[in-house]
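Student: Spelled out from the first residue to the last, the chains are:
Number of protein chains: 2
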Amino acid sequence: MIKVAIMGCGTIGSGVYEVIEENQAILKKELGDEIRVSRILDLREFPGTPYEKLVTGDFSAIEKDPEISIVVETMGGTKPAYQFVKACLLAGKHVVTSNKALVAAHGTELLQIARDKNINFLFEAAVGGGIPVIRTLGTGYAGQEIMEITGILNGTTNYILTEMDRRGTSFGDALAEAQRLGYAERNPEADVEGFDTCRKIAILTSLVTDSEVNFEQIHTEGITKIDTTDFAYAKKLNANIKLVGSAVRENGRVAVSVCPKLIPEDNPLYGVSGVFNGILIRGNMLGVTMLYGSGAGKLPTASAVLADIIEAAKNMDRNVPFGWHEGQTVPEPMEDSLHRYLIRFKGSDSAKAKAVFADAEAVSPDGEAAGEEFALFTGVMREKDMQAAAAQFDNIIKVIRA
Amino acid sequence: MIKVAIMGCGTIGSGVYEVIEENQAILKKELGDEIRVSRILDLREFPGTPYEKLVTGDFSAIEKDPEISIVVETMGGTKPAYQFVKACLLAGKHVVTSNKALVAAHGTELLQIARDKNINFLFEAAVGGGIPVIRTLGTGYAGQEIMEITGILNGTTNYILTEMDRRGTSFGDALAEAQRLGYAERNPEADVEGFDTCRKIAILTSLVTDSEVNFEQIHTEGITKIDTTDFAYAKKLNANIKLVGSAVRENGRVAVSVCPKLIPEDNPLYGVSGVFNGILIRGNMLGVTMLYGSGAGKLPTASAVLADIIEAAKNMDRNVPFGWHEGQTVPEPMEDSLHRYLIRFKGSDSAKAKAVFADAEAVSPDGEAAGEEFALFTGVMREKDMQAAAAQFDNIIKVIRA
Numbered sequence: 016m017i018k019v020a021i022m023g024c025g026t027i028g029s030g031v032y033e034v035i036e037e038n039q040a041i042l043k044k045e046l047g048d049e050i051r052v053s054r055i056l057d058l059r060e061f062p063g064t065p066y067e068k069l070v071t072g073d074f075s076a077i078e079k080d081p082e083i084s085i086v087v088e089t090m091g092g093t094k095p096a097y098q099f100v101k102a103c104l105l106a107g108k109h110v111v112t113s114n115k116a117l118v119a120a121h122g123t124e125l126l127q128i129a130r131d132k133n134i135n136f137l138f139e140a141a142v143g144g145g146i147p148v149i150r151t152l153g154t155g156y157a158g159q160e161i162m163e164i165t166g167i168l169n170g171t172t173n174y175i176l177t178e179m180d181r182r183g184t185s186f187g188d189a190l191a192e193a194q195r196l197g198y199a200e201r202n203p204e205a206d207v208e209g210f211d212t213c214r215k216i217a218i219l220t221s222l223v224t225d226s227e228v229n230f231e232q233i234h235t236e237g238i239t240k241i242d243t244t245d246f247a248y249a250k251k252l253n254a255n256i257k258l259v260g261s262a263v264r265e266n267g268r269v270a271v272s273v274c275p276k277l278i279p280e281d282n283p284l285y286g287v288s289g290v291f292n293g294i295l296i297r298g299n300m301l302g303v304t305m306l307y308g309s310g311a312g313k314l315p316t317a318s319a320v321l322a323d324i325i326e327a328a329k330n331m332d333r334n335v336p337f338g339w340h341e342g343q344t345v346p347e348p349m350e351d352s353l354h355r356y357l358i359r360f361k362g363s364d365s366a367k368a369k370a371v372f373a374d375a376e377a378v379s380p381d382g383e384a385a386g387e388e389f390a391l392f393t394g395v396m397r398e399k400d401m402q403a404a405a406a407q408f409d410n411i412i413k414v415i416r417a
Numbered sequence: 016m017i018k019v020a021i022m023g024c025g026t027i028g029s030g031v032y033e034v035i036e037e038n039q040a041i042l043k044k045e046l047g048d049e050i051r052v053s054r055i056l057d058l059r060e061f062p063g064t065p066y067e068k069l070v071t072g073d074f075s076a077i078e079k080d081p082e083i084s085i086v087v088e089t090m091g092g093t094k095p096a097y098q099f100v101k102a103c104l105l106a107g108k109h110v111v112t113s114n115k116a117l118v119a120a121h122g123t124e125l126l127q128i129a130r131d132k133n134i135n136f137l138f139e140a141a142v143g144g145g146i147p148v149i150r151t152l153g154t155g156y157a158g159q160e161i162m163e164i165t166g167i168l169n170g171t172t173n174y175i176l177t178e179m180d181r182r183g184t185s186f187g188d189a190l191a192e193a194q195r196l197g198y199a200e201r202n203p204e205a206d207v208e209g210f211d212t213c214r215k216i217a218i219l220t221s222l223v224t225d226s227e228v229n230f231e232q233i234h235t236e237g238i239t240k241i242d243t244t245d246f247a248y249a250k251k252l253n254a255n256i257k258l259v260g261s262a263v264r265e266n267g268r269v270a271v272s273v274c275p276k277l278i279p280e281d282n283p284l285y286g287v288s289g290v291f292n293g294i295l296i297r298g299n300m301l302g303v304t305m306l307y308g309s310g311a312g313k314l315p316t317a318s319a320v321l322a323d324i325i326e327a328a329k330n331m332d333r334n335v336p337f338g339w340h341e342g343q344t345v346p347e348p349m350e351d352s353l354h355r356y357l358i359r360f361k362g363s364d365s366a367k368a369k370a371v372f373a374d375a376e377a378v379s380p381d382g383e384a385a386g387e388e389f390a391l392f393t394g395v396m397r398e399k400d401m402q403a404a405a406a407q408f409d410n411i412i413k414v415i416r417a
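Listed in order, the protein sequences are those of chains A and B.
According to this note's numbering, the first sequence is numbered sequentially starting from 16.
According to this note's numbering, the second sequence is numbered sequentially starting from 16.
Derived from the structure by calculation, the hints contain no laboratory data.
Warning: the hint list may mix true and false statements.
Copies of the same chain look alike in the list, so a pair counts if it works inside one copy or between any two.
[Said to hold, decoys possible] As a list, the in silico EDC-like pairs of lysine to aspartate or glutamate whose alpha-carbon atoms are at most 16 Å apart:
#: 1; residue 1: Lys361; residue 2: Glu33
#: 2; residue 1: Lys44; residue 2: Glu160
#: 3; residue 1: Lys367; residue 2: Asp57
#: 4; residue 1: Lys43; residue 2: Asp225
#: 5; residue 1: Lys413; residue 2: Glu388
#: 6; residue 1: Lys251; residue 2: Asp73
#: 7; residue 1: Lys44; residue 2: Asp225
#: 8; residue 1: Lys43; residue 2: Glu160
#: 9; residue 1: Lys94; residue 2: Asp332
#: 10; residue 1: Lys361; residue 2: Asp242
#: 11; residue 1: Lys132; residue 2: Glu49
#: 12; residue 1: Lys132; residue 2: Asp351
#: 13; residue 1: Lys369; residue 2: Glu388
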């Protein structure tokens, strides 16, 4: 029997317990061995639950139990998750985590400890919930260069943007609705300011470039300034607006950013709606593929954890080559990155704007906005060139990249 | 150095040569060893190509060369591919194939030989081209039951249906266009009659049920009878029409079919257009995910072959558990399967039809069809009940499942 401990018995942690119990027969068949949860670390008690008696508040009961060979970390945050995970790895226990903050901040070190100890540190559930993007990057696209990853990686913001698009709801109303439905937290900052997406694209980019991308170096904008007029312009351009984390490699450099972007109709991410995630991957040989699914939620995320538990269980005595190595990938400065831009201007006199952005196409506003403002959709420009040109105007309302 | 032979130097085979040459640096890094193509089996000569000198017409030059450890089969068809592949496996060589006909007809036996010989028989490229669906099924969804796979698995028919939908083209014109562009073959039967999709869904279902589904037992309909009026009705139902291969498990049985189906707007397959493929997978825990990408094409397919070559190269001395085992999965009889149905009737007198299909909703025709015909969209019914009800009418034009 393989004994597993779960650290953190919130939504995901209790979900992991459930999927392990529910799928005993399949696990037995796949592994030829039983997997059982033998300890759950949490400061709370859970009277009346089937796992009531497994709960302990004492980390050393897990760290010092030689029978526990796999530890699942679903506490979130980095304190004390980092300390506990590191201790488990040093004690020779495989660790599976769903914690993107931990992986983005300490992944490099933890991956190296796992290699040194000949065990595994796995984190499929940290990005894309039930979408097996991390495993797929490692094996499905073996042998080629990944040139681009662009992902709708946060279901909360995608739900909000979808509501704004489909129902013409304001950002505030859509956020309130998301909170009411439990899709957004009371303090929604991590989602709506793009911080969650930032950590996820940092992890994916680190995997692709094989060395750490410091998430603090990634240009990150959220969706709080997006309004319904933006969606009206997007429709005119046969596009949608999505919060995307994106990493694009070119000439040995990698441009990484998190910001709301115009996604044209012929991009497979265009149709990724509501709380779903979609991750577009472009390889130098295979062209574009996309993975789509539930990016969060108890059972999808717990399923991803379970797939990692199985991977660890199948490789108890060896470190499966995985994850990035020591070193740093420094993202290209945002000002050097290339985009198209939708630029909204106050007023109706577009002569100067059309002269400055000579190859831009005009996009006419509808409804209330007509007469009040106008917009241009530029060709591909370097960010700093756009900024320099934009500095000549004092009537720019907003710039959205494409 | 790992020596590879390629059998069949058509589009895919020559693509495999290209991706191996093009990605030498990455391969070296991933494997710590070189991969080189040392022989190509083809009856033709290829003067002026970089691989001119590797070509042989003599299979024994591959079979008997002890230095060749991995053989790629991209000949297509089962004769002589089956005989050659079997001989290579028996000679202890790993085999990677893109040949769905071979895998659907002889996969069970070839997988077993690979296990007995402690080598690998891999076929990622046989389904979904560059989409890593087979590897993902094996590892990304480990530990749970796959309840449904529904796939747009054939780019040719998807291109034709997309053209019919978007441009109102007839089937014949869309097929002719597909042939002109090289998306359809001169004899398009394998694609448009659903035979290609049938073999692919047979392979996917066999993987999921862990025993062979005989493709000849799968109810298979093509798209030759779909007309533009069908698309007009689909639009009224906020749906599209796609040729899908589908396997649904319920109560220990599996319903497998290939036919054109109404796909509603909120299904992620709805937006899969043109020559792209999309494969929806529903797990008992993770819910719905979808994989999207190029289902065919030289480089995407060759990339999938390359990923398998790497898998074999990393596991030279062991059989990685993969594929189904001996035994048969008998699909549920089509007459027992459950669907909704769009039924088109000649004439305008809908009273009897509405009485017989009491819970159906009426769908009104537009344009030319108005006055000439009417249609009903039924609730969920068992196929045999629908057939029995339909037998009461002599004015049914067509039935399309949903």
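Student: So, for every hint listed, does it hold in this structure?
Tutor: Results for each hint:
1. Lys361 - Glu33: neither (55 Å within a copy, 53 Å between copies)
2. Lys44 - Glu160: The answer is between: 12 Å across copies meets 16 Å, while 36 Å in one copy does not.
3. Lys367 - Asp57: neither (62 Å within a copy, 65 Å between copies)
4. Lys43 - Asp225: Answer is between: at 15 Å across copies they meet the 16 Å cutoff, but 34 Å inside does not.
5. Lys413 - Glu388: within (11 Å within a copy, 52 Å between copies)
6. Lys251 - Asp73: This pair counts as neither: shortest intra-copy Cα distance 58 Å, inter-copy 61 Å.
7. Lys44 - Asp225: between (34 Å within a copy, 11 Å between copies)
8. Lys43 - Glu160: Between copies only: 13 Å across chains, 37 Å inside a chain, cut-off 16 Å.
9. Lys94 - Asp332: For Lys94 and Asp332, the Cα distance exceeds 16 Å both inside one copy (29 Å) and across copies (43 Å).
10. Lys361 - Asp242: Intra 15 Å, inter 49 Å, cutoff 16 Å: intra-copy only.
11. Lys132 - Glu49: neither (24 Å within a copy, 28 Å between copies)
12. Lys132 - Asp351: Answer is neither: 41 Å inside a copy and 54 Å across each miss the 16 Å cutoff.
13. Lys369 - Glu388: within (14 Å within a copy, 53 Å between copies)
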